[in-house]
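> Take a look at the letters that make up each chain.
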Amino acid sequence: MKDYSIFDVIGPIMVGPSSSHTAGAVKLGKTAMELAEKNFYKVIFYLHGSFAKTYKGHGTDKALVAGILGFEPSDDRVKYSLEIAKSNNLIIEFCETEFEYAHPNTAKIEFHYLNSSVFYVIGSSIGGGNIVITNINGDDVEFTGQYPTILLKYKDKKGMISQISTILASNEINIASMKVTRSNNLATFVCETDNIITDKAKEEILRINEINIAKFINPVRS
Amino acid sequence: MYNKACDVIELCEKENKKISEIGILKEAKMRNLPEEDVINEMKNVLEVMKKSATLGLETPIISQSRITGGNALKINNYLKNNKSLSGNLINRSMAMAVSTSEVNASMGVICAAPTAGASGILPSSILNAKEKLGSSDEDVIFALFTAAVIGELATKNATVSGAEGGCQAECGVAASMAAAAIVEMAGGSPVDSFNAASFALINVMGLICDPVAGLVEYPCFLRNASGVVNAFISADLALAGVQSLIPFDEVLEAMYKVGKSLPDTLRETALGGISITPTAKEIARRFYNGTAK
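Quick mapping for you: the protein sequence lines, in order, are chains A and B. Every letter in the first sequence is one number past the one before it in the numbering used here, and letter 173, counting from 1, is 173. Positions in the second sequence are counted from 1; adding 1000 to them yields the numbering used here.
Accuracy of the hints is not assured; some may be wrong.
As the list claims (entries may be wrong) - Dumping the calculated DSS-like pairs for lysine-lysine here, alpha-carbon to alpha-carbon at most 27 Å: (1) B:K1051 to A:K56; (2) B:K1050 to A:K79; (3) B:K1043 to A:K79; (4) B:K1156 to B:K1029; (5) A:K56 to B:K1281; (6) B:K1083 to B:K1050; (7) B:K1074 to A:K79; (8) A:K108 to A:K79.
None of these hints come from the bench; they were simulated from the model.
Isolated chain A, as found in the complex (with noise of 0.2 Å):
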């Protein structure tokens, strides 16, 4: 039988007024906006299934918001969150839309920047206040965002997965779970792991040539 802490029954401290409408949303916003380069000007927020419905009565918008501003979901500021983007000058849509095959609380949060192509991230809150990160600019992938997550695009290549696992282990760094899939000769590599990545093991594996996208993602704390 799994163990609960008594602070996921009394917990999580959160903005209301739903885990999986509102506190998911921050998560899933503050989780793609790490994924995303910093120096976006505009984002914009494809919603599916009830997020589309629904997101206006439970604030999905402004906890989505939230997120991309990298508030946490008990922050009190979730509930200004397009006001206070709008005062840093960012410009944000959102569109009701729908997806094939997705989880009813679906999300698409597309990064727009002056000088590159634009980038998006595909996420679902699957209850509880958890997410689930499915898609990265077209690569699927499957990880939530609890535990610290390694996102790495290599071209494809024997020894890979041992440089980078010996990296981890010689930084104390233990793997929960690793997926690695490939198109078009180039690997997506993404590992979740027990123990916060730290910024010696960040750069060692930036060190290794192959690697042509790296992301580390530390848990969002609720």
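We have chain A; now place chain B onto it with these hints.
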């Protein structure tokens, strides 16, 4: 350390401890922390609860959807006029439960207990019991651990999700948690606490989840108000010595089975109950036409 209510009772008897102390012990052990840290973490919870339970008493709080609001203030003002039929404790408790519900619906900060939708019941119960009994903040913090143990048993052995088990799983379990907590505050035994928890859940067994327009507002705030009253009367019954014929473990199992046999339409989908009355449909239609675009 425990999976069932009977394990908790056995531990309490063997170690000569209260339910709250067993909860603290388990949490400290599980997370490898000193007990003091775990207790301090609960202090933050109590601060959030104090705020959410009182914010709506003096100023009207209107929900995000603007469909409901201002009712905690109305109940509190009514109480001030000394016209209340059911008395101070009950009215004050309802006002404070509704206050947290309103804070939640207006995107304010609350502590889920066990969920956001039922978050009004526990804070109001413990704070009003504190007032009545003259308890210290420390007693209240311990009582929150008692409540959490009950909620943990419900999470492990049944459900606390309205989508899975209806409102009985949210407001029913919240009242159960609160009833056990206030029994401990009043000096009752662990067995008394579980009796109270059983009564509270039995009282609302079968309660459906039927939110108007699919929002966590109506009838949610009413069920938070009745939930805190349910907690107090269940606690009183147990403290009077009334025994639960059915043990809490079996009551939980029964609640879970009832929840599973409820049709989808009565489990948070807004496709049944109050949510499909002509008036509710009209409110939903106006809301989605007016603001969802």
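> Hints first: check each against the structure and report whether it holds.
To see whether the hints hold, each was checked on the structure:
Our distance criterion of 27 Å between C-alpha atoms is met by K1051 of chain B and K56 of chain A, whose separation comes to about 25 Å. In summary, the hint linking K1050 of chain B to K79 of chain A is supported, as the alpha carbons are separated by about 20 Å, within the 27 Å threshold. The suggested pairing of K1043 of chain B with K79 of chain A holds, with an alpha-carbon distance near 25 Å, which does not exceed 27 Å. For the proposed pair K1156 of chain B and K1029 of chain B, the alpha carbon gap of about 18 Å is at most 27 Å, so the pair holds.
This hinted pair checks out: K56 of chain A and K1281 of chain B have alpha carbons roughly 17 Å apart, not beyond 27 Å. A distance of roughly 26 Å separates the Cα atoms of K1083 of chain B and K1050 of chain B; the hinted pair therefore holds under the 27 Å criterion. For the hint pairing K1074 of chain B with K79 of chain A, the CA-to-CA distance comes to about 24 Å; that is within 27 Å, so the pair holds. At most 27 Å may separate the alpha-carbon atoms for a hinted pair to count; K108 of chain A and K79 of chain A meet this at roughly 21 Å.
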